[in-house]
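Number of protein chains: 4
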Amino acid sequence: MNAADFAIRTLGPATLPSPLLRGDPEASEHVMVEEGDAVLVDDSLREVRALLAAGRELPCLERAGPRHKLFFRPERVTLGVVTCGGLCPGLNNVLRSLVMTAVHHYGVRRILGFRYGYRGLVDPDGHVELTPQVVAEIHAQGGSILASSRGRQDTGQMLDGLQRLGVDVLFVIGGDGSMHGALDLATEIARRGLAIGVVGIPKTIDNDLCFMDQTFGFQTAMAKAVEAIDCAHREAQGAPNGIGLVKLMGRHSGFIACQATVASGRPNFTLVPEQPFRLEGAGGFLAALQRRLASRGSACVVVAEGAGQDLLSGNGNGTERDASGNVRLKDIGTYLAEKIHAHFAAQDIEINLKYIDPSYIIRSVPANAADAVFCSALGMHAVHAGLCGKTEMLVGVWHRHLVHVPIRQVIASRNVVDLGSTLWRSVLGATGQPPRMT
Amino acid sequence: MNAADFAIRTLGPATLPSPLLRGDPEASEHVMVEEGDAVLVDDSLREVRALLAAGRELPCLERAGPRHKLFFRPERVTLGVVTCGGLCPGLNNVLRSLVMTAVHHYGVRRILGFRYGYRGLVDPDGHVELTPQVVAEIHAQGGSILASSRGRQDTGQMLDGLQRLGVDVLFVIGGDGSMHGALDLATEIARRGLAIGVVGIPKTIDNDLCFMDQTFGFQTAMAKAVEAIDCAHREAQGAPNGIGLVKLMGRHSGFIACQATVASGRPNFTLVPEQPFRLEGAGGFLAALQRRLASRGSACVVVAEGAGQDLLSGNGNGTERDASGNVRLKDIGTYLAEKIHAHFAAQDIEINLKYIDPSYIIRSVPANAADAVFCSALGMHAVHAGLCGKTEMLVGVWHRHLVHVPIRQVIASRNVVDLGSTLWRSVLGATGQPPRMT
Amino acid sequence: MNAADFAIRTLGPATLPSPLLRGDPEASEHVMVEEGDAVLVDDSLREVRALLAAGRELPCLERAGPRHKLFFRPERVTLGVVTCGGLCPGLNNVLRSLVMTAVHHYGVRRILGFRYGYRGLVDPDGHVELTPQVVAEIHAQGGSILASSRGRQDTGQMLDGLQRLGVDVLFVIGGDGSMHGALDLATEIARRGLAIGVVGIPKTIDNDLCFMDQTFGFQTAMAKAVEAIDCAHREAQGAPNGIGLVKLMGRHSGFIACQATVASGRPNFTLVPEQPFRLEGAGGFLAALQRRLASRGSACVVVAEGAGQDLLSGNGNGTERDASGNVRLKDIGTYLAEKIHAHFAAQDIEINLKYIDPSYIIRSVPANAADAVFCSALGMHAVHAGLCGKTEMLVGVWHRHLVHVPIRQVIASRNVVDLGSTLWRSVLGATGQPPRMT
Amino acid sequence: MNAADFAIRTLGPATLPSPLLRGDPEASEHVMVEEGDAVLVDDSLREVRALLAAGRELPCLERAGPRHKLFFRPERVTLGVVTCGGLCPGLNNVLRSLVMTAVHHYGVRRILGFRYGYRGLVDPDGHVELTPQVVAEIHAQGGSILASSRGRQDTGQMLDGLQRLGVDVLFVIGGDGSMHGALDLATEIARRGLAIGVVGIPKTIDNDLCFMDQTFGFQTAMAKAVEAIDCAHREAQGAPNGIGLVKLMGRHSGFIACQATVASGRPNFTLVPEQPFRLEGAGGFLAALQRRLASRGSACVVVAEGAGQDLLSGNGNGTERDASGNVRLKDIGTYLAEKIHAHFAAQDIEINLKYIDPSYIIRSVPANAADAVFCSALGMHAVHAGLCGKTEMLVGVWHRHLVHVPIRQVIASRNVVDLGSTLWRSVLGATGQPPRMT
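Protein chains in written order, with the working numbering: chain E, 793 to 1230; chain X, 793 to 1230; chain U, 793 to 1230; chain W, 793 to 1230.
Keep in mind that a hint or two might mislead.
[Stated by the list, open to error] A few chain X residues that face chain U, going by a derived Cβ cut-off under 8 Å, partial list only:
id, residue
1, Met1014
2, Gln1051
3, Arg1217
Don't read these hints as lab results, they were simulated from the structure. From the three backbone atoms N, C-alpha and C, an ideal C-beta is built for every residue, glycine too.
This is chain E alone, in the form it adopts within the complex (with noise of 0.2 Å):
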């Protein structure tokens, strides 16, 4: 990691006053973020001490805010936004804290919102425009107004689509996927040798982006998987050796089914990407199971829906295949169903077993009041850093600062749940399950 990997790109010098400095120059002043202000990336005394004693630099990301001057006259400036990938609560707070900004601070006067995902770059009809009217209510409803959609497009045409409509700056809303997407356009851009900025808002649901405290949407996500929880509790509660087994989201980074156990402190077993396990054996998973429900008559169970996926690679025996023809596997949480109900037939012990998938419903509802913020605050920066010029970027939050981290620093790696953190540990107190299922 060094100092210079996190420098941020412009697209020129930002000469232009900022109009945030009528109005109320004193206020406003002491608001501004100078050239330099910036934040440690790793603000432990030990790190510093030891990056002091070997002569290099400390690693620092730039801090976001409004600065004393503009790359982009907002008045003639098209700002471009869109949202891709997955759903996630909040993209409509964001899309509004974006347009409210860009419009009332600055005087922006052309916003337009593509439809669909990057699709809506290359579908000459793919656009609206965004104004506060449009915007005004949309931040009581899940979803996204713009619609997304998965996939890449190709890079030139996306370009071509930003050039014929003259955006300026283009804001993507996405994941890891997008980001790439957006970084190959940033690419382009400047070989092409254009002056259109790249703002990246890192949306992802499983909080699997590095350099984000915590991605939007994710707690009210949580919230919503902490009721399929006490609900699963409640059904393996309300049965003879019930056992209420409930699938999370979380591909690659187990935070939703870690931090939700923890808030309902009712799971018995909680199984995430990150810590492997086994279903057999003595110290595997369904014995553990077993004594749990030998002693105390129930169980609860949360499974990440990336847990335990090498388990499931030789299981698509061929037989079943889907329209395409391809092998469908079985998904880890109807797997473990399956398992579990075999695992005691085969030893002629009743069990009632209750599957709750949540599914969508965790992603598709409004944010809550304390992402609401936080979106607002995303949507806000983002202007900010897209009208001085800053490009091949996103918005993060990193110790509480929101600061700019290069696009390319932050889809290098993932965040995961670090097994020596304080969150596992917890999981591991709130369940009472064995360090170790193999």
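Let chain E serve as the given structure and place chains X, U and W on it in line with the hints.
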């Protein structure tokens, strides 16, 4: 339907003064139900006139409520209570009300709660003592503190258990199947010449029992179903050709699906057991869905779990078997999802289908406020009935009156959505779906 | 109560075929209400027998619903709608249902919404056009998109406004006072010999209107009241001699206070307008409260705003005046709080009183799912009635049937909590308060 | 701010091996905090460079978490815990986590909960035994199972109580005032030469304590505040010249008002203690409000309870006194309401003001999911600290790290809304109110 069909059996003459008359005789007097108080089963003028013209008696339901005279001496009576079948919002509210009424209004000193449904009657250790302290806080939580189970137990053994414990009245909170069991128990009690009352409190999340304006917990479950539908709506709108498909409870009756459809105003198709439909063909569901997508770009579909069972009957092709070797039938939700995928794949039309099955999430939650009020009344009136010696009956609510109904009448038929009713017409209006897709 | 009192006026013979019969004649036929369809006002066997014995007619309410024949030609009709009085959960649901039914079921082309209650009728700019697009999303938000106002307008001027705009049917969503206004309007219409219908949809958050099993929005408001009570309960338990005091809506009828008491199971005292009480003396409220504190260490008290008005009448001692110089009467909530403080201070007993007045919080929220279903039915049936030429009536729900009731009957009396009812007995049981504190 | 100010006192050297190392040494090792682990108080590059350039030490906060060595032997230790001051969402979660961690992680066998705040220490009967069974379900309910109280007790007597019961560590969950008490207690302990630890867990619903990114319960309270604001917004829109006025908690710091404003996006004016304002004059609040009404027809106003205290100071005109004879000051909410009424009445402008004071409704509710996770971590880390012999300190969270902070530092200043911060700028942006109304 004869007037005699609604006569309520009693264990014998009620001769003991009710303690409710103590304390505030005037107020209590006012609230007492007199023998003969009854309400018409059919209150339409047309029907009343027809019966009168034919010289027939008007079928009536005995009014529930406290009586001047009791059959049992409260301070010596032992009450038993059991919750049977699947969980339902409000079970704990009914239990709490039953205990509070018996103890605080009547001075009952011994109430036994049987654990895990009818099993608790045959298991010597299958009961717990219920007191106001035990039940004071339980209404805030979902599930049943007694837990439940499905299935029958031997009637003779159940009665042996009741006799061993000296139970004078057994309150059965359960559905169709459990009421059959209660009826068998009452028959065996009569055969043995015992004076043990059997009082039912009807429980069905599907609202499919007769002589109940609405069953307890239904409103709560329906409200949770609306949340799932709202998510499906946002998911459908959030992707190109998005389809949100929600499966809801409703084995034989589509009340949850219908009311949740009207409440949310979102679904474009609502499929229920009462209205058969075809998938294929110009008049079928898939063609209608395709037309909807073509014109509006998204669709929200609700299906009750009991809908389209005829479509599924030939669907078990022998390849998938469960642990016991039984052919496993696909459920209508995943079946529909597959058929929709296949239909559009065959035409090379991209769709984005999001399948949501809230399953137990809608039934394990605490009762909402309205259900809480209703459950309180049910528990209270069950105690009134039991102490008066009423038996083989349950507490219903008919045209807003709390009434007694013979168990035999309630299980004789099933409450289903009338396709000529306001409710179904509201569904057709809200969805805009073709009245018939056959 | 005479049978003739319930006859419904019409503007004239309905001779035009209903478009509902198009499309699916068979299903539509099934759902049509026939002339003469009616339900008994009193469905108790005792009352029916008494009337028959006396040779009197059975009072009936005309059943609401679609008819074979209409008075107005839907595609040429102009409908008007106005929301009057205080906000109530579900106003937007009723508006949405009304518009959707008129347009989608009947093909109505012009619907005017009057802004700010009856003012919108006299203000030339006081109306907006309502279309399905305008109302599509409004049911998710509280309040009324038309806004409202209190107070009367000149009847002649209101009618001038309706005539100027060519309104054929005016739908009035409002309470007691607004229905008086609607009646005056209907009278003036008749005097001028016009064929303009006036159809009411009763609105009162207090549930104090007759011939309504329950008014829309009541359940939602009651559920919010429960939340406030639960907080008061926790506050009471959270401090030495803690008293949680909650004031709830209920000017003349204590339904919200009573049902919320039963639903929450928390209050130890519930004071309503229907049951007078004294503060002082051994039998009074303060002594009872003191006994409760002495024995249990905390108390939760609910008071309806209309309770104890006799105690307040002599209370304005002339020292406090508002800006206009009027003596300002204390409200019962703050009055009780002061009296409680003074009572215990006089005895040097420490108490910790927490006063909670949720006020408008319980009425400005969106309708819950059950109220949403109910509002949908009300709006739909109001349209059915209006297009048939029914006038001077409103849509009620009586013993679970949607019915027509003459406005005159509804405003003739007020629905109050019957002190001999199950509800009040449930309150006494839940609180354990003395039946009389006088 | 000197580095030495943040040193944490201990009762003595920690020499006993932690039982956390048993079971899974490898994982446990990983999670252990080493002596000297600390995070920078200020992580801005500018500040770090300035300190280094000046040759000064970098102020740091000791990292919280489990240590290799303990001061107390867990199986012999007696822990005490007390909740002080007003209720706050999450109190029960902290209690539960504290008990669960002490018992399940460390094997502690005796935990005493003191009832009614510090009173429980001086009252011989003022404590209860806390076990995992007692606390298992308490996180689902608001309030504190220990109850609380305000005010001080004699320090010597409190310590006598602790000694009598053999308490080794006292956990104080409380705010500013309670922390002063805790400090006095720690001082007296030192004076008597005892080895009793005093560990704080900061509690303030107003988020006004330093070295806490955010205090527990704040998010939950803020979310409830948003609900009240949404109602005020609907009320304002629902009447001619409607004004919805909401008073929110916030004695010295307007965090709840500010964040709830940004989250809801509804208020047009947000008044906080940090930003003084005038009522009268062209630049004052009333004129601004009038302009808003004139242009938009409605207004939503939020006022923190501590705002505008200077306006109120001269307002007690000696006529109103409470039971103790003290002049009773009007609160800012009702004061504003009166001033608004008077302002518009003087100009004969009709307004419809709806005043909403959610008061305790926002603080007596259960913690939401995010607060539940946070409370769990606080309780857990307090136990870690207490068993290591840390004293006169509390568990804070700073830049997302759980840390130890000397109580003295925390009570030395107050956390207030920085008028140059993103939060306040977001409020100005969301409301559109004049930056200064003076």
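Against the structure, the hints come out as follows:
1. Because the closest C-beta pair between X/Met1014 and chain U is about 5 Å apart, less than 8 Å, the hint holds.
2. Against a cut-off of 8 Å between C-beta atoms, the interface hint on X/Gln1051 holds, since the closest Cβ of chain U lies about 5 Å away.
3. Below 8 Å, beta-carbon pairs count as interface contacts, and X/Arg1217 has one with chain U at about 5 Å; its hint therefore holds.
In summary, this structure violates none of the numbered hints.
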